[in-house]
Amino acid sequence: MAAHQVRRSGLTMPVVTRRFVEHAWRRGCDFINLDLEDSVPQHLKANARSLIKAAIPIVRKGGAEAFTRINHDYVHADLEAIVWPGLSKVNYPKAESADEIRLLDAVITRLERERGIRPGTIEIGANIETASGVAAAYDIASASPRVREFGGGSGYDMSRDLGVEMFVGFEQFAYGKGELELVARALGLQVRAAPFVANTTGSVSDADRAFREAQAARTCGFRLGGGLNPAVVEPQNRGFTPTAGDVEDAQWVLERYRELTGTPDTWKVIDGRVIDRYEAARARDTLEWAALCAERDREKAEAVLRTRAAMAEPASPASA
Amino acid sequence: MAILVRRSNLFVPITDSERVKRAWQSDADAVTLDLEDGVVEPRKAEARGLVREGIAMAARGGAEVFVRVNAPLLHADLDASVWPGLRGIVLPRVESAADVTEATNQMTALERLRGLGVGTLELIVLLESARAVWDIRSIVTASPRITQVGLDESDLAGDLGITPVPEHDPYVYARGRLVVEATSARVQPIGITYPLGVHPRRLPPADIHRVATDARNLGMKGVVCPDPSWVAPVNDAFTPSADLVAHNKRVREVFAGALAAGTAAVPLNGRMIDVPVDEWAKVVLAMAEACEARDAQKRAARAGP
Numbered sequence: 002m003a004a005h006q007v008r009r010s011g012l013t014m015p016v017v018t019r020r021f022v023e024h025a026w027r028r029g030c031d032f033i034n035l036d037l038e039d040s041v042p043q044h045l046k047a048n049a050r051s052l053i054k055a056a057i058p059i060v061r062k063g064g065a066e067a068f069t070r071i072n073h074d075y076v077h078a079d080l081e082a083i084v085w086p087g088l089s090k091v092n093y094p095k096a097e098s099a100d101e102i103r104l105l106d107a108v109i110t111r112l113e114r115e116r117g118i119r120p121g122t123i124e125i126g127a128n129i130e131t132a133s134g135v136a137a138a139y140d141i142a143s144a145s146p147r148v149r150e151f152g153g154g155s156g157y158d159m160s161r162d163l164g165v166e167m168f169v170g171f172e173q174f175a176y177g178k179g180e181l182e183l184v185a186r187a188l189g190l191q192v193r194a195a196p197f198v199a200n201t202t203g204s205v206s207d208a209d210r211a212f213r214e215a216q217a218a219r220t221c222g223f224r225l226g227g228g229l230n231p232a233v234v235e236p237q238n239r240g241f242t243p244t245a246g247d248v249e250d251a252q253w254v255l256e257r258y259r260e261l262t263g264t265p266d267t268w269k270v271i272d273g274r275v276i277d278r279y280e281a282a283r284a285r286d287t288l289e290w291a292a293l294c295a296e297r298d299r300e301k302a303e304a305v306l307r308t309r310a311a312m313a314e315p316a317s318p319a320s321a
Numbered sequence: 224m225a226i227l228v229r230r231s232n233l234f235v236p237i238t239d240s241e242r243v244k245r246a247w248q249s250d251a252d253a254v255t256l257d258l259e260d261g262v263v264e265p266r267k268a269e270a271r272g273l274v275r276e277g278i279a280m281a282a283r284g285g286a287e288v289f290v291r292v293n294a295p296l297l298h299a300d301l302d303a304s305v306w307p308g309l310r311g312i313v314l315p316r317v318e319s320a321a322d323v324t325e326a327t328n329q330m331t332a333l334e335r336l337r338g339l340g341v342g343t344l345e346l347i348v349l350l351e352s353a354r355a356v357w358d359i360r361s362i363v364t365a366s367p368r369i370t371q372v373g374l375d376e377s378d379l380a381g382d383l384g385i386t387p388v389p390e391h392d393p394y395v396y397a398r399g400r401l402v403v404e405a406t407s408a409r410v411q412p413i414g415i416t417y418p419l420g421v422h423p424r425r426l427p428p429a430d431i432h433r434v435a436t437d438a439r440n441l442g443m444k445g446v447v448c449p450d451p452s453w454v455a456p457v458n459d460a461f462t463p464s465a466d467l468v469a470h471n472k473r474v475r476e477v478f479a480g481a482l483a484a485g486t487a488a489v490p491l492n493g494r495m496i497d498v499p500v501d502e503w504a505k506v507v508l509a510m511a512e513a514c515e516a517r518d519a520q521k522r523a524a525r526a527g528p
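So the sequence lines, in the order shown, correspond to chains A and B.
Under my numbering, the first residue of the first sequence is numbered 2, with each subsequent residue one higher.
Under my numbering, the first residue of the second sequence is numbered 224, with each subsequent residue one higher.
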């Protein structure tokens, strides 16, 4: 688990909207996804590409990882423009075949070499947004070691492909989500999934719901978030991070489990709760995740401090 | 690409002459003359003799006419069914691509023999076993004649050895697989949500409308109707409502305004409108037009020459 990044919250934003990009570092996100695709008008695609290289360090000023979502149909032009030091991940929309992923891998491998990026640094996010993508999920997810997290299977593109309205109040994508989660688990990838929480408004800025969804997802063992509106960042960070109570509880479980060593028992029941190897493993997992979240929050806080210091007036005599 | 509008498909047993005679008045997009489960065993041969005349009767209201054949009596049933005016065959109990090929080979021969355009007859395939659900990809891609695919949920229950109770839908996986694999193969998935697929019965139109709407929102494109009372609410549920049309026109306007202002992401009533939302709006508006055109065709046919 420790090999995986902490990506509880993130904002996808059109790289052409300057004020979004400039303020991104203040949002507290674990990642920023610079969009070249659906939020960028056709006539601005070339301009958008030219903005990525400079935008990467800008959005990282608050400690967020920088991702770029490219266009399904402009892979070569987009990759040439975006693979620069500081980029962590290329999100590829509407993935439908392993060949597409292998092509991305080959181009990224070349660009990493040419541009002095450690080989294998840049991840590929294979976004599954069509029925054909679900049908080819295993081949897609196993096409490159750069695919390290996998999931999805819902959203506007999927609903259009299936011809369904969204936000109808019942789970419409159970099969596709299930297939993708199984594929991710079978391949040992981080799972991008979430339990169904009824949503009939489709609001992208509902902080309360964002928190409830993140909390429900964490309870089910999922850890990856992301959204479109700054209002959901803090609730997602909070909802995906174990609370002090969760940490205390996990420590209590581990202590009770340790008390079993040297006894003939492998499990016992305390206050109606089973303490066994399985519960102990879950508790360890919670503690590891809490530590990773705390570390990530420290990194971001330090980055924000450095940025604010650099923005301040030239150093005063006292600090010189 | 033209949109196939086949929202309702009314099944009538070919041996029930009253229902066959009245089927054209139902406003169904399609009528299927049933030789299979709706016909008792001793009357199978007699039933075949009724098909040719039944096709003409069922088509009077502008419905597409299909015949559901018996899988074990495939050759005799196809021979009795392929006549001018037939839109296609409903093939039940399909287990494999080979089952499809067996039917299409004979359909091609009969099209030649009876002067129908070769390759014009369509197939609607029904899956009724775990094997078929598992192998759906090879089945739906076995022939370009296949335009729709559905589950026969009561026979599937038999194959799985389960007795479905209304509270627990046993087909979440099967139905999801049907929708995803069919959509991927550009074949329309058809069906209604649980439990009506297993226990079809007459219900108030509002209830039929509700479950048909749920089915549409799972990705289904039409419903097999066991009773004429289902047809109107099913047609309505699969036709974009006036509200939906108005909302999607608004989406298109707002999105066009955003593009002109240099962004393809714009808020509308708390939602984010971007390319896929605009693309979906186009689909809804095209679907509304296609439904209107289909309804006009049927009105003209019912008005008669």
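Source of the hints: derived by calculation from the structure; they are not laboratory data.
The reader is advised that the hints may include incorrect statements.
Unchecked claim - Chain B side only, calculated, beta carbon under 10 Å to chain A, not exhaustive: (1) Thr406; (2) Pro451; (3) Val477; (4) Val498; (5) Pro499.
Here the structure is a predicted model, which is why all the values come from computation and not from measurement.
The beta carbon of each residue, even a glycine, is placed where N, CA and C say it ideally should be.
Outcome of the hint check:
no. : hint   : verdict
1   : Thr406 : holds, 4 Å
2   : Pro451 : violated, 26 Å
3   : Val477 : violated, 14 Å
4   : Val498 : holds, 4 Å
5   : Pro499 : holds, 4 Å
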